[in-house]
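Just so you know, the sequences run in chain order C and A. One point on numbering: in this note's numbering, the residue at position 431 of the first sequence is 431, and numbering is uninterrupted. One point on numbering: in this note's numbering, the residue at position 197 of the second sequence is 197, and numbering is uninterrupted.
For the record, the hints were derived by calculation from the structure and aren't laboratory data. Keep in mind that the hints are not guaranteed to be accurate.
Chain C side only, calculated, beta carbon under 8 Å to chain A, not exhaustive [claimed, not checked]:
id : residue
1  : ALA57
2  : LEU61
3  : GLU68
4  : VAL124
5  : ALA131
6  : ILE159
7  : ALA162
8  : LEU168
Every residue, glycine too, gets a C-beta built ideally from N, C-alpha and C.
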Amino acid sequence: MTPWIGPFLPLAALIWPLLLGALTAMPPLRPVAVRLLPLAPVPALWLALAGGQGVTAAPDLLLGVTLELDDARRLLLGMTAALWLVAALAAQPMTGRPHTAIFSGFWCLVLAGNLGVFLALDVVTFYVSFAAVSLASWFLIVHERTEKALHAGRVYIVIALAGEVALLVGLIIGADAAQSMAVGEIRAALGAPGSSAVGIALLVLGFGIKAGLVPLHVWLPLAHPAAPVPGSAVLSGAIVKAGLFGLVLFVPEGALGPVLMPLGLVGAFGAALWGLTQANPKAVLAYSTISQMGLMIMLVGAGGAARETVPFFALHHGLAKGALFLLVGVMMAASGRGRRLLCLALAAAVSASVAGLPLTGGALAKAAVKQGLADWSALALSLSSVATSLILIWFLARLWQMQGRDEALWGARFALPAALGVLAVTGPWLLWSAWSGHGPDYLFKADTLIDALWPVAIALPPAAAVLRWRLPQLPPGDLLLILGAWRGRAVRIPAPLSLRADADGALRAARRNSARLEGILIRWRLTGVLIPLLVLLMFALLP
Amino acid sequence: MTGLLPIFILLTSLVPAAITFFLRQESYRLRNALNLGGAVVKGALIVAMLVAVAGGASFETAIPLAPGLVLLLRIDALALLFVSLSATLWLLTTIYAISYLGEKPEQSRFFGFFSLCVFATTGIALSGSLISFFIFFELLTLSTWPLVAHKQDAASLRAARGYLLYALPCSTILLVAIVWLESATGPILFTDPPDLSGVDPASLRVIFALFIVGVGMKAAIIPLHGWLPAAMVAPAPVSALLHAVAVVKAGAFGVIRVIYDVFGIERVAELGVGTPLAALASFTIIWGSLRALQQTEIKKRLAYSTVSQVSYIILGVALASPFAVIGGLAHLVHQGLMKITLFFCAGIYDERAGVRSIEGLDGLGRRMPWTSTCFSIGALGMIGLPPIAGFVSKIYLGIGGLQAEAPWVLAVLGASTLLNAAYFVPLLYRLWFREIAPDAEADERAPALVGPAVAAALAAVLAGMLAASDISPLGWATLISERDYLE
């Protein structure tokens with residue numbers, strides 16, 4: 001048996017959080033489990049900063065674990081590790097509250113899965129990691145155990161399990177087509193002419209659910225706001241990126257562009273506008289996440305250079321969205337006008353970056369991806385900034401409405417989103433040349449500046465209008481809501497006529513009859529003789 | 001000396017059985033020492049044998065029973081896969097059963113027949129010829145009956161009668177199949193495939209069907225499954241024996257032998273009987289899950305889950321593509337580990353909390369954390385969540401289905417995963433997220449009950465975590481298929 005070959009650090013980055021997670025189950029550590037969380041992403045962060053050196057293989061683990069870092073993986077790994085670290089620090093005030101040991105244990109499991117998705121070179125490691133990040137995050141969502149959280153959890157677990165199955169089947173089809181477990185070969189095989197469209201469709205389904213692809217996003221606006229603030233931050237900043245990266249890894253170049261691009265754009269605009277009907281600032285942010293993810297999905301669909309730069313875009317969004325969610329928590333812990341203003345100012349700065357105001361991290365991200373886009377899709381990207389500006393201004397308004405109570409260590413709490421915000425702006429600047437191929441001077445050209453400025457400017461009048469004359473406020477869950485309303489109507493039809501009642505009745509009858517049939521089979525004295533004869537007859541009739 | 005090894009392995013179960021029958025109820029120590037000792041010695045012998053067989057050795061012994069009737073025992077890789085599973089689980093079940101039965105009556109009868117069952121199962125695994133296989137197979141049928149009827153109440157007796165009602169006609173059918181086939185080919189040894197060219201295809205198809213009915217009844221293939229859910233009235237260690245250690249596994253193992261060593265893959269493909277069998281297995285997988293969904297008793301739900309899961313094995317070997325065979329063989333072990341965990345836990349809930357129905361599980365996670373963790377591991381493994389063993393089987397079966405040009409297998413696997421989730425997730429939710437009734441009495445101060453469950457759950461996790469290593473069930477299944485079936 002060979003424990004591992006190649007550098008140990010990538011393996012350690014995955015095992016370490018799992019070990020810490022196991023430790024949180026130890027009775028003496030349970031009350032202070034949250035204290036361990038900031039340690040969990042440290043090896044991964046170190047790995048991302050130091051860079052990978054070759055392939056790590058653990059041939060006996062699972063079906064042969066292989067891990068590697070390239071530029072894209074490294075960027076996403078670094079962003080993820082940093083966000084989880086800051087979110088873990090923001091989770092510290094949870095120490096001593098009920099159920100935090102369970103929360104901490106699964107926090108570590110989700111983290112390990114999230115990192116594994118970016119490190120995995122083989123499909124089984126990828127699948128295992130994805131399952132961990134997908135299913136274990138249920139515990140982050142239901143943590144508060146309110147009726148709302150449990151409802152969100154129910155919706156989430158059903159959709160997530162369906163996604164798991166789609167993913168497993170899709171990956172099996174890919175692995176069979178490639179005759180290999182290597183991710184790269186599977187993508188190539190799925191892209192080969194004559195390969196199975198079903199496989200790609202299932203993969204898009206599985207990853208799309210996680211990435212918030214419209215119309216598979218319905219769980220997201222329920223689940224992200226339901227989690228405690230640090231949980232929302234990682235869900236919206238890092239965990240959705242697992243789905244996005246899955247699309248980048250497995251969907252072949254050029255395949256499904258005509259599907260992914262329109263759906264992405266529908267998400268980008270639709271979610272941003274629907275978000276204006278939300279009162280809860282976390283729900284507004286969740287819709288903003290769907291909107292931003294829609295853009296990234298569109299980029300994947302566009303292919304080519306745009307697709308290559310998706311990780312650069314994701315880096316900014318992950319850090320910025322994490323900062324915004326944490327700011328909701330900080331606002332809840334502030335009552336004085338000064339502190340509240342400080343919060344609002346920081347939120348405004350980060351929002352401006354997400355909207356892509358010139359020279360912000362967001363502007364850099366958009367400028368980098370735009371080079372790879374056709375004219376019309378570049379225009380769509382610019383227009384989406386209008387929608388983004390709208391929803392984020394609405395978010396700022398909702399944030400300001402929140403009433404908080406002063407809590408201890410406010411400065412430290414405030415420092416965390418501030419740090420993420422700084423990273424979200426400086427990160428893209430530091431990596432700009434490497435990811436865009438241009439020097440910094442490109443960013444100061446009039447064209448680039450105007451390109452970034454006009455969408456935000458256009459957004460201001462409608463934003464003022466929305467703030468003045470509010471849209472109707474709705475609970476989160478758009479399509480589910482519409483579906484629910486439709487079902488509600490169906491029930492009001494006289495019972496025997498309603499489709500739903502019919503289906504229920506048929507199901508009950510089928511259940512009753514199948515049980516009765518089996519009951520007869522078991523009781524019936526002749527069963528033992530007759531059934532074998534029936535089976536026999538069946539085989540004898542074969543050609 | 002090495003020729004005697006198969007006999008020694010059989011004796012490690014037979015001797016305790018023979019002596020136990022004559023012990024008085026009070027001889028707890030001697031009885032326990034005999035049974036545990038037998039299981040431990042057997043385990044040691046098997047480890048030695050695993051090493052030897054991995055190195056390429058095989059062992060064979062012939063015992064003349066009557067003129068023209070030879071009991072041929074042979075140890076090959078496939079036999080060892082089954083023997084190691086049943087021996088390991090026998091040891092765990094014995095420890096569990098000693099604690100579970102405590103001072104309940106009729107223990108000598110119980111442990112005597114229990115060891116006899118294990119003896120028969122070992123014999124089934126080691127049989128080198130069709131007739132030896134049949135002898136042990138029938139011994140298993142008969143020695144299981146007193147165990148199902150153990151409680152001697154009306155329900156147990158009814159279940160035991162139901163079991164015989166299924167088992168005896170099927171045994172007859174199996175005998176007819178063997179006589180019919182051997183009358184044309186002469187005695188069939190598993191070592192060299194028989195020459196079937198003298199038999200016309202139509203008869204061969206009928207004989208194949210007779211075989212499948214004969215052995216498939218124990219594997220609870222629908223419609224021959226009715227006895228299994230009914231037999232859940234038996235004590236928990238018996239359920240473990242039925243569902244994991246011996247009976248259903250013997251059925252699945254029988255199907256493997258019939259396909260690969262009696263007919264041979266090529267012949268099965270030529271006759272076109274593999275696909276109908278795979279279809280029947282698929283139907284069983286789905287139907288079993290649907291029925292499991294409707295059960296409100298824990299053990300009954302688990303029983304239908306077995307109906308469904310055992311057919312994964314049948315599906316794999318019937319598809320006969322390389323990955324499917326490996327997946328099916330590995331699932332023989334994986335299903336055993338996961339299902340025995342679940343039944344151990346169901347027994348603990350019954351004994352320590354008086355809980356038999358699903359509603360009773362509310363909030364037990366807090367009160368019985370070890371048991372509930374093991375139960376959760378077993379359940380999640382059944383759904384196919386990594387890194388527990390079940391997902392490895394699923395990946396292999398899925399790829400195997402595509403290799404066999406049967407993409408519908410993926411739909412079956414997908415549907416089965418969702419159905420498994422539908423009938424296991426609510427249980428987990430109750431365990432961990434509901435509040436326990438204030439007056440409930442529940443504890444798990446029974447290390448001899450919880451210990452085996454923990455060991456089995458751990459094994460199920462390790463089988464998945466270390467699937468790629470040579471010593472995992474998957475590694476061994478790969479070795480079998482490379483060595484014996486897919487040259």
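Status of the hints after comparison with the structure:
1. Because the smallest distance between the Cβ of ALA57/C and any Cβ of chain A comes to about 10 Å, over 8 Å, the interface hint for this residue is violated.
2. Below 8 Å, beta-carbon pairs count as interface contacts, and LEU61/C has one with chain A at about 7 Å; its hint therefore holds.
3. Restraint check, GLU68/C versus chain A: the minimum CB separation of about 18 Å is more than 8 Å; hint violated.
4. Look at VAL124/C: its Cβ gets to within about 7 Å of chain A, closer than 8 Å, so that hint holds up.
5. Below 8 Å, beta-carbon pairs count as interface contacts, and ALA131/C has one with chain A at about 5 Å; its hint therefore holds.
6. About 12 Å separates the beta-carbon of ILE159/C from the nearest beta-carbon of chain A, more than 8 Å, and the hint is not met.
7. For ALA162/C, the shortest C-beta to C-beta distance to chain A is roughly 7 Å, which falls under 8 Å, so the interface hint holds.
8. The interface hint given for LEU168/C holds, since its Cβ lies 7 Å from the closest Cβ of chain A, which is under the 8 Å cut-off.
Taken one by one, the earlier hints fail for this structure at numbers 1, 3 and 6, listed in ascending order.
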